[in-house]
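Residue numbers (our numbering), protein chains in the order written: chain A, 1 to 311; chain B, 1 to 311.
I should point out that these hints are in silico values taken from the structure, not numbers from a laboratory. Misleading hints may appear alongside valid ones.
[Claimed, not checked] Label-pair restraints from in silico Cβ distances: (1) A:V213 with B:K6: 35 to 41 Å; (2) A:E283 with B:I2: 48 to 54 Å; (3) A:D76 with B:L77: 49 to 55 Å; (4) B:G184 with A:D272: 17 to 23 Å; (5) A:A18 with B:E283: 57 to 63 Å.
These figures come from a predicted structure and were not determined experimentally. Where is the CB? At the ideal position from N, CA and C, for every residue including glycine.
There are 2 protein chains.
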Amino acid sequence: MIAPVKLVYETFGRLNEAKDNAILIFHALSGDSHVSDEGGWWSKLVGPGKAFDTDCFCVICANTLGGCSGSTGPKDLNFPIITIKDMVAAQVPLLDHLGIKQLVAVAGGSMGGMMALQFSVDYPGRSQNIIAIATAAKSSAQNIAFNEVGRRAIINDPEEGLAIARMIGHITYLSEVSLTNKFGRKIQEGALASQKFGDSLFEVESYLKYKGVGFTKRFDANSYLYITKAIDLFDITNDLSRGEGRFLVVHFTSDWLFPEYQALDIVDRLKDSGKNVSYRVIESTAGHDAFLLEEEKLGVAIKSFLAGAKS
Amino acid sequence: MIAPVKLVYETFGRLNEAKDNAILIFHALSGDSHVSDEGGWWSKLVGPGKAFDTDCFCVICANTLGGCSGSTGPKDLNFPIITIKDMVAAQVPLLDHLGIKQLVAVAGGSMGGMMALQFSVDYPGRSQNIIAIATAAKSSAQNIAFNEVGRRAIINDPEEGLAIARMIGHITYLSEVSLTNKFGRKIQEGALASQKFGDSLFEVESYLKYKGVGFTKRFDANSYLYITKAIDLFDITNDLSRGEGRFLVVHFTSDWLFPEYQALDIVDRLKDSGKNVSYRVIESTAGHDAFLLEEEKLGVAIKSFLAGAKS
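Just chain A, same shape as in the assembly (with noise of 0.2 Å):
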């Protein structure tokens, strides 16, 4: 056990008096709590007016358990091999702490997806809306598979291994016809044709070393291990049936890190057992990362089915 553990969250919009206006918002693998304002990452989203309507909404972010932006993370002690169920718990003591009994909604896309179905689980009717994007009730061979090389290139070199990994992700991240519309055969401004390994030669490659190297600035190698792990072990298709509230499922056409199959699991699952679920499908060919791109198209979305849960 982990105890005490620090959480580092931000708030966006105003917690009302009857405290029962917040929604918590679950971040991805390498997100943080800055989901609104100037460089968050939804924030299209969340915001006065906007699909998360803050003018309405106390919409609340943590940094996960295991991260490095702030709450407890392996920088700080000794930790064990933690889970995308005790990610979520980290968070209850601050819904608590805020005196919420009942959210709103909970939502995450991909990581955040499963800890929003994963909050649906363990805390039923703690949330009335659960809102699943771009994720899985499972983790897949293939997702466990691309971790697991990320994992073992960061064993052997913490930082280069950090970068390569980071690029393994992208690349999975983006769709085929994405990657080919964006970068193509082009070439490298300033590539010779002979060149050195290691040099860029097609902008595709310097666009991933970019990020890759980008990423080993802002984020912590022993991180990455404790939570693609934790996204590994994540399998919940047998505990579904235990969620209580209104079910969002989200899928983007493109996304081959979560292929539809695996969205339709979640809806089949949360179905069979009587629930009430809404699924959506979003034409994108921005892969993956659609849940951080489509974010119109996304919000037309979500504002609707959060509109159908007030009348």
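For chain A, the structure is supplied; the task is to place chain B on it using the hints.
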């Protein structure tokens, strides 16, 4: 210019007196000349009575320039960046040496398919038939991206990096569904729930580790750099019209490393320049590796294509 070049090759079946019954097969990235007999990578396709029938044909397969199975490669000398064109050109003196003026066919899968297409363009008419399997007229941004991550791992640490590159490769060779069917979330026997990073918890992890480490025993990290770079540089789209002969293009449905649009790109370009092209799509869940695993279905397609050549 690299000279002299040593080329190690094998033959299966007998070259007839007219020297007009030869088929040249090109191997893929990690393949070698041992295309048939015990342990041969296409032994179900190449042999007496098989699709490449060694009762009729003399099948030739050479280790590629740049590789590490005997032919000249970066192990031997200070090696320049080479291309698929170079790798094909290195095999033409072998044909001359054997007195072969015209081949019955050139054939290959993956990189071998690129080489077959390159042969058709650079030596028009020197092969009556061209068989390009699970391949592309040019490497895509995603192809390049995966190769570059592997190269970066190798540059950082040749041995461990080669294992990582191979692990990435293996994920891309298998389909999502084949990984799920083969491994799913099966736990490795003897693995503890609470484990050290680096130990394999899931079977898919130990499979990849085994494949990665095993590869370092038989393959040279520098060859991996040079050959993947040659694959990245391959773009024959504007040259295909120069090819002569009958073409067979084969795609496997679950191959996401070389998706169907890439096969169709070859077919369309060949047809647009008036070539004789057969296109076969083979149902398979095996992913890109189908070109090595679906030998029975592939054999039927090749046999019927070559039979058509004779009539």
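Item to check | Contradicted hints - numbers only | outcome: none
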